[in-house]
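Note that the protein sequences, when read in sequence, are chains P and X.
Okay, so the first sequence: first residue is 1 according to the working numbering, each after it adds one.
Okay, so the second sequence: first residue is 370 according to the working numbering, each after it adds one.
Derived from the structure by calculation, the hints contain no laboratory data.
A hint or two may mislead.
[As the list claims (entries may be wrong)] Heads up, simulated BS3-like pairs for lysine-lysine below, C-alpha to C-alpha not over 25 Å straight-line: (1) K402(X) x K585(X); (2) K283(P) x K493(X); (3) K293(P) x K178(P); (4) K493(X) x K288(P); (5) K237(P) x K406(X); (6) K457(X) x K406(X); (7) K364(P) x K457(X); (8) K493(X) x K237(P); (9) K364(P) x K126(P); (10) K402(X) x K413(X); (11) K413(X) x K543(X); (12) K138(P) x K288(P); (13) K126(P) x K223(P); (14) K406(X) x K595(X); (15) K364(P) x K591(X); (16) K520(X) x K237(P); (17) K237(P) x K457(X); (18) K406(X) x K367(P); (19) K237(P) x K595(X); (20) K145(P) x K126(P).
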Amino acid sequence: MIGRSFVVRKGLPDMKKRTLCPIYILILVLTFMLTGCASSDNGANGQVIVYNWGEYIDPETLDMFEEETGIKVVYDEYETNESMYPKVESGAVAYDIACPSDYMISRMIQNGMLAEINYNNIPNAKANIGAQYYEQSKGFDPENKYSVPYCWGTVGILYNQTMVDEPITSWAQLWDEKYADNILMQDSVRDAFMVAEKLNGFSMNTLDTDELHVVMNSLIEQKPLVQAYVVDQVRDKMIGEEAAIGVIYSGEAIYTQQENSNLVYAIPEEGTNVWIDSWVILKNAPNKENAEKFINFMCRSDIALMNFEYITYSTPNTAARELIEDEAIRNSEIAFPDLSQYDNLETFVYLGEEGDTLYNELWKEVKAY
Amino acid sequence: MKIAAKKIYIALIVLFLYAPIGTLMVLSFNASKTRAKWGGFTFKWYIDLFHNEEILGALLNTLLIAFLSALAATVIGTIASIAMNGMKRRTKSVMMGITNIPMLNAEIVTGISLMLLYISLGLKFGIGTILLSHITFNIPYVILSVMPRMKQLNPSTYEAALDLGASHVTAFYKVVLPDLLPGILSGFLMAFTMSLDDFIITHFTKGVGVDTLSTKIYTEVKKGIKPEMYALSTLIFVTVLILLVLVNRSPEKRTRKYES
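Could you build the full structure based on these sequences and the hints that come with them?
This is the structure we're talking about:
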């Protein structure tokens, strides 16, 4: 009868001293040791904390920067704009630099999260980066005060020339019944809506409810023809000839062509989305000066070239483009289209919470139809 | 007829469970980067993997965190089980409930609340915060696997040890602990694997420049996951498989030893 609670009544008083102490010490020591050591090994000239997309930089350039400047780069990565935003906003870590896309930059500007950039400290930004990219940036950063373009591209149609009997030049061909079950659409609200908005001649940043309902109906009309709504599977599906036509980002198009030479990329005549990912300095950046040095370094032509070769997304750095040895790539219509030749090129801007909700609701109707 | 149906059913289940992993393993030997083309058999990705410092660093972090958090959680969880075993029936079931809730709670809630807690405490985000979080969510799993073992204990053996002159501590280490060991061991391994594949909680509580494998793989989503990761995933799968086989075999062996 006494035995029921034997261990606690009799055993614990002795054990407490012996066993618990080491555990407390273990946990405390580990915590402080591990939390402490993250910050202790700064470079000679301090550090810079960079928050960038995954696989979005040539790691060698980071080593070169550390060597040349003596500034330690603390490098962190994210996978979507939407997962980057709350981490920066929560302030759990005070980042210096981030590399968001166009519409996310306009959101961060609106919410006062970015610091103005002092171009005097970043001479390479003005010298090497083409004026047309600053012009395009005005869509989300009207006075070019907050962002320095890093990567850009277009959204267009990738098609397999052996599977279609005419060149694809228009978004309207994605509504052609000939290609039923052979069409791949992007599975994200803004990208899918952009296609139908351009088809109908609207702005891709429209908030007009009537226009948006027309757009929604177009997408519903197209839905039976679509083989799948995909994100990054579009690459593999097009290479594997599982579909004839797909909506794709230009940066991916070059890679798919290398794998399958039947693929052709076209910017539709109705216009399209020009996206830009830019460096920004955050308002409460602890190392602002180092952040400027970092951006300046990334804008250097040789460094931008290394990054272009690693990422293969178009670089806005015109000086770097001139250094590309392969003529076919330097003059590639996919990587470096002449933006002045196309009408109705636009860049996403942040639509506000209400706008986002409206788009999401309409998109849900399309997906549920 | 019935047996054939049973076998087909089992085969289907195994197929559905393991076809994705099988695909990944096959792709890890594919010389071409895209899944759409078979570029020939290669060990290239395995070799690249061991030259990729970032991935190896993430692997090291993952294993370090998994091992330390499992160790700490095992010690804490075992002591908690001993204490809970001595409680009155009511208190015990309340305590069991409290320790079970974190396990049933959505991971994202745990992750965000831990992040907010650390911010309000002013902790610096880094490996330390990940470790604390992992210990936190591992403890219930240890308790869950030690408690049943605790109930099977025969109290008389402990009392006999005391009657024969052993001190409380000696009796505990010589009599109680060996009986609990299978439960503790499987609790440790369970905690280890839970920590190994956690993404969400780690994502919210990690600091700059500190990556575990799951967060590292997730950041590659935009540009496409590199084949080195297929290779690493294959290696991890094999490792976890071995661990699980160990977990499932060790209690059986031990009981058999005691019976004989």
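Comparing the hints with the structure gives:
1. K402(X) x K585(X): Roughly 19 Å between the alpha carbons, so the hint for K402(X) and K585(X) holds.
2. K283(P) x K493(X): 20 Å, holds
3. K293(P) x K178(P): Given that 25 Å is the threshold and the Cα spacing comes to 54 Å, the pair is violated.
4. K493(X) x K288(P): 20 Å, holds
5. K237(P) x K406(X): 10 Å, holds
6. K457(X) x K406(X): Violated - the C-alpha atoms of K406(X) and K457(X) are around 64 Å apart, more than 25 Å.
7. K364(P) x K457(X): Not satisfied, since the Cα-Cα distance of roughly 53 Å exceeds 25 Å.
8. K493(X) x K237(P): 44 Å, violated
9. K364(P) x K126(P): 43 Å, violated
10. K402(X) x K413(X): Distance of about 11 Å is within 25 Å: holds.
11. K413(X) x K543(X): 51 Å, violated
12. K138(P) x K288(P): 23 Å, holds
13. K126(P) x K223(P): Given that 25 Å is the threshold and the Cα spacing comes to 45 Å, the pair is violated.
14. K406(X) x K595(X): 15 Å, holds
15. K364(P) x K591(X): Roughly 23 Å between the alpha carbons, so the hint for K364(P) and K591(X) holds.
16. K520(X) x K237(P): Violated, at about 56 Å.
17. K237(P) x K457(X): 62 Å, violated
18. K406(X) x K367(P): 31 Å, violated
19. K237(P) x K595(X): 17 Å, holds
20. K145(P) x K126(P): Holds, at roughly 12 Å.
When the structure is compared with the earlier hints, violations turn up for hints 3, 6, 7, 8, 9, 11, 13, 16, 17 and 18 and for no others.
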